[in-house]
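Enquirer: What follows is the residue order along each chain.
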Amino acid sequence: MTPHHSALETQLEISLNKIGIPPRPAILETISAEMKKDEPDINHLSAIISADVALAASLISITNSPYFGFRGRVHTAREALMVLGLNVASKAIAGLVMRRAFPSSPHLERFWDSSARIARLSGWLAQRIRNSTLRADDAYTFGLFRDCGIPILISRFPDYPNILKEANQDALRSFTDIEDQSLPTNHAVIGYVLAQSWWLSEETILAIRRHHDVDTLKSTSIPPSINSRHMIAVSQLAEYLLQKHSGLSQTQEWAKLGPACLQLLNLNNEGLDRVMAEATEVIEIEN
Amino acid sequence: MLHLSHQNIQAASIDPITGFPNRAACFNKISQLAKQPASEKRLTVIWIGLDRFKRVNESCGHQGGDLLIFQIASRLRDRTGHHTLWFRMAGDEFVHLSWAEDPDQTEKLASALLDEIGVPLALNNLTLHPTASLGIAAFEPGEFPHACLERADHAMQSAKRAGGNRIVTSGKELVPGRLGIRLAQDELQIENKLHLAIDHGKLHLQYQPIVAADGSLLSVEALMRCNSDQISPGEFIPIAEKTGLIIRLGEWSLLEGATFARRLQSAGQKSSVSINISRAQFSMPHFPQTLHAALLCANVAPEQVELELTESLFMDNSSIVQINLRATKDTGVRISIDDFGTGFSCLATLKDIHANKLKIDRAFVVALPHDRRAFSVVSAIARLGQDLGMLVVAEGVESREQADALLEAGVHAIQGYIFARPMPEDALLKWIRNRK
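Chains as they are written, first to last, in the working numbering: chain A, 1 to 287; chain B, 1 to 436.
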């Protein structure tokens with residue numbers, strides 16, 4: 001065991017070993033079945049969600065987050081569904097239940113919190129960036145699932161935290177190249193495989209697989225679609241803005257991918273400053 | 001006022017180079033024919049467009065071009081007989097109208113015409129190799145006759161877009177599907193249904209038991225099924241292969257199958273789960289990474305998972321397939337040679353394959369127990385497999401007599417309706433419990 005491998009991680013490893021892959025939770029099946037109807041019954045949906053108190057509370061809290069841009073406050077799952085709309089709400093719920101599908105641990109809580117922040121800011125950015133056809137709910141879902149391979153690798157490879165550290169610090173090689181050097185696979189491929197089993201959209205799945213690949217951002221070949229590339233660019237920008245705001249930059253990703261992201265999103269330095277100023281307000285309201 | 005005599009009208013409607021009536025005459029004729037009472041034969045249009053005719057005009061001049069048109073027209077008329085209905089529609093386009101008994105007859109005729117056109121031809125000291133694009137349309141009852149001509153023209157254009165030197169039947173034109181791959185109308189519908197099924201998570205795996213000679217459960221084969229819109233695997237798998245969607249479906253079933261293997265393992269079952277891997281999926285550079293990712297996510301012992309690869313993949317010398325074969329073996333998953341005996345097996349290569357299992361194609365099984373030659377082939381394959389250290393499985397077994405013959409031939413295990421049809425996970429687990 002490496003010095004970085006704490007007792008906590010061992011515990012996490014055991015529990016993840018027990019469960020294997022987090023399956024797509026049954027509540028998502030029920031919700032998606034209702035949504036496929038010609039006229040989804042919002043009362044039925046809110047009853048399903050309200051039956052799960054923690055889920056309803058999280059959904060209400062997400063709806064009231066400044067990222068979604070609603071001034072008022074909602075108090076019930078039904079109101080949350082009305083305000084978010086069924087598409088956004090179902091994706092928010094997918095994100096919430098995914099997080100619960102993994103065993104809870106303080107270590108992972110930080111990881112999920114950070115993913116959730118990136119996801120929410122990505123959703124906000126998708127609306128804010130003018131040249132993008134990317135939908136806010138897709139940007140949000142992508143942000144949540146982007147790194148879901150990391151908890152799996154932490155649980156399976158005792159040395160993974162060291163690899164993660166090295167990948168975060170390397171300013172030249174791509175993140176996944178560093179993982180590939182020591183592991184038979186990487187978190188992007190695991191996230192991609194996992195996202196398939198959750199039946200996420202093709203665009204999201206491909207974006208997860210390529211989210212550390214600068215060539216994908218620069219390329220014009222299809223697939224991945226422009227929306228997939230925008231998902232990657234928007235979430236990288238969200239991560240950069242959050243790191244810049246907190247003053248804690250733990251990664252080199254912006255140095256490696258940032259210029260390509262800005263070009264893709266058609267943002268010059270001035271535009272970036274404006275986005276930064278507006279985002280800061282939103283980030284601070286949430287904090 | 002100008003009065004045209006009957007002769008003048010006829011002269012004006014005949015093309016002087018080919019002697020075929022012209023475009024206007026064709027439209028008149030089809031309107032006239034369409035009025036005839038319905039019979040078992042259907043009025044059918046074959047629209048022919050010569051490929052790259054412009055180049056002939058450029059290199060041989062217009063006279064050369066006219067000569068080519070004359071020669072091709074003569075060949076066409078010679079092929080179908082002088083009393084048939086031929087028309088010259090434009091510079092390099094002809095139409096043939098006929099009454100056909102069935103679509104096959106028209107396609108055969110079109111194919112013969114294509115061959116006729118393709119015979120090399122000398123022109124101005126050059127040898128030309130003409131090709132053409134052919135569009136076929138059969139008159140639909142109640143259809144406006146000109147619409148039928150138009151459909152044949154569209155079909156011809158579609159053949160041209162697909163590269164020429166081919167025949168396209170109206171209704172079967174290839175148009176780009178969702179992923180940009182050109183598909184026929186019926187294929188497009190299946191593609192759409194498949195996308196809907198994927199978007200809504202309507203695909204699932206069913207499992208068919210493979211039973212060893214001693215009656216124990218050796219393994220189960222995972223088979224993809226779609227539980228919406230009634231599309232059968234026989235319909236959607238070929239389309240998935242054509243469009244490349246098979247890679248995504250294959251990656252999904254890899255994880256799904258591996259996760260089921262984990263559940264079987266947790267339930268104390270030693271039997272492995274066999275998952276079919278398509279050539280397209282196995283030819284992807286990232287295949288080993290995806291395989292590792294699926295094994296990690298499922299958290300299953302690799303030996304609980306078996307990959308079924310068709311025999312032709314083992315004969316593939318491309319470096320990517322060879323690298324992937326080695327990498328797959330290194331993960332510790334089992335490998336099975338699927339559909340053995342139907343491809344171009346090379347025995348010299350077989351000795352180098354380190355597979356765990358060899359599956360004899362159902363084509364041999366259906367001939368049993370009466371066909372002694374099939375029995376000899378199966379016995380030889382069983383012996384060969386055994387000598388090379390592989391378990392030999394026969395698939396598609398339906399009767400006790402077939403099973404007995406296969407076991408007599410030395411086959412180790414049997415898969416087929418004789419034991420069970422493919423079934424959902426719950427039903428399989430129940431099936432396993434009931435056998436104990």
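Simulated from the structure, these hints should not be mistaken for laboratory data.
All of these numbers come straight from a predicted model, not from anything done at the bench.
Backbone N, C-alpha and C define an ideal beta-carbon position, used for all residues, glycine too.
You may find that some hints are simply not true.
[Claimed, not checked] Computed cross-link-like contacts, DSBU-like style, restricted to lysine-lysine with a CA-CA straight-line distance of at most 35 angstroms:
(1) A:K218 to B:K351
(2) A:K165 to A:K218
(3) A:K36 to B:K329
(4) B:K242 to B:K351
(5) B:K270 to B:K351
(6) B:K193 to A:K37
(7) A:K37 to B:K329
(8) A:K218 to B:K270
(9) B:K430 to B:K329
(10) A:K36 to B:K193
(11) A:K165 to B:K329
(12) B:K351 to A:K36
(13) A:K36 to B:K54
(14) B:K242 to A:K37
(15) A:K37 to B:K430
[Claimed, not checked] A short list of chain B residues far from chain A (calculated; beta carbon distances all over 12 angstroms):
(16) C60
(17) L123
(18) K160
(19) A162
(20) G201
(21) S253
(22) A293
Enquirer: Are the hints correct? Go through all of them and say.
Expert: Hint-by-hint comparison with the structure:
Between K218 (chain A) and K351 (chain B) the CA atoms are separated by roughly 46 angstroms; this puts the pair beyond 35 angstroms, and the hint is violated. With a C-alpha separation of about 26 angstroms, the suggested pairing of K165 (chain A) with K218 (chain A) holds against the 35 angstroms cut-off. Taking the CA atoms of K36 (chain A) and K329 (chain B), the gap is near 42 angstroms; set against the 35 angstroms cutoff, the hint is violated. Taking the CA atoms of K242 (chain B) and K351 (chain B), the gap is near 32 angstroms; set against the 35 angstroms cutoff, the hint holds.
This hinted pair checks out: K270 (chain B) and K351 (chain B) have alpha carbons roughly 28 angstroms apart, not beyond 35 angstroms. The hinted pair formed by K193 (chain B) and K37 (chain A) meets the criterion: a straight-line CA distance of about 17 angstroms does not exceed 35 angstroms. Under the criterion of a C-alpha separation no larger than 35 angstroms, the hint pairing K37 (chain A) with K329 (chain B) is inconsistent with the structure, at around 46 angstroms. Using a Cα cut-off of 35 angstroms, the hinted pair K218 (chain A) and K270 (chain B) is violated, with the two alpha carbons roughly 48 angstroms apart.
With a C-alpha separation of about 32 angstroms, the suggested pairing of K430 (chain B) with K329 (chain B) holds against the 35 angstroms cut-off. Of the pairs offered as hints, the one joining K36 (chain A) and K193 (chain B) holds, with about 15 angstroms between alpha carbons and a cut-off of 35 angstroms not exceeded. With a CA separation close to 31 angstroms, the supplied pair K165 (chain A) and K329 (chain B) stays within the 35 angstroms bound. Between K351 (chain B) and K36 (chain A) the CA atoms are separated by roughly 53 angstroms; this puts the pair beyond 35 angstroms, and the hint is violated.
For the proposed pair K36 (chain A) and K54 (chain B), the alpha carbon gap of about 53 angstroms is over 35 angstroms, so the pair is violated. The hinted pair formed by K242 (chain B) and K37 (chain A) meets the criterion: a straight-line CA distance of about 31 angstroms does not exceed 35 angstroms. At roughly 32 angstroms between alpha-carbon atoms, K37 (chain A) and K430 (chain B) fall within 35 angstroms of each other, so this suggested pair holds. The claim that C60 (chain B) is not at the interface with chain A holds, since no C-beta of that chain comes within 12 angstroms of its own (minimum 40 angstroms).
Every C-beta of chain A lies more than 12 angstroms from that of L123 (chain B), the closest at about 42 angstroms, which supports listing it as non-interface. Separation of K160 (chain B) from chain A is adequate, the least Cβ-Cβ distance of about 25 angstroms exceeding the 12 angstroms criterion. Taking the minimum C-beta to C-beta distance to chain A, about 21 angstroms, the non-interface status of A162 (chain B) holds against the 12 angstroms cut. Distance check for G201 (chain B) against chain A: the nearest CB is about 4 angstroms away, which does not clear 12 angstroms, and the non-interface claim fails.
Distance to chain A contradicts S253 (chain B) as a non-interface residue, since its nearest Cβ pair spans about 10 angstroms, not more than 12 angstroms. A cut-off of 12 angstroms between C-beta atoms contradicts the statement that A293 (chain B) is not in contact with chain A; the least separation is 4 angstroms.
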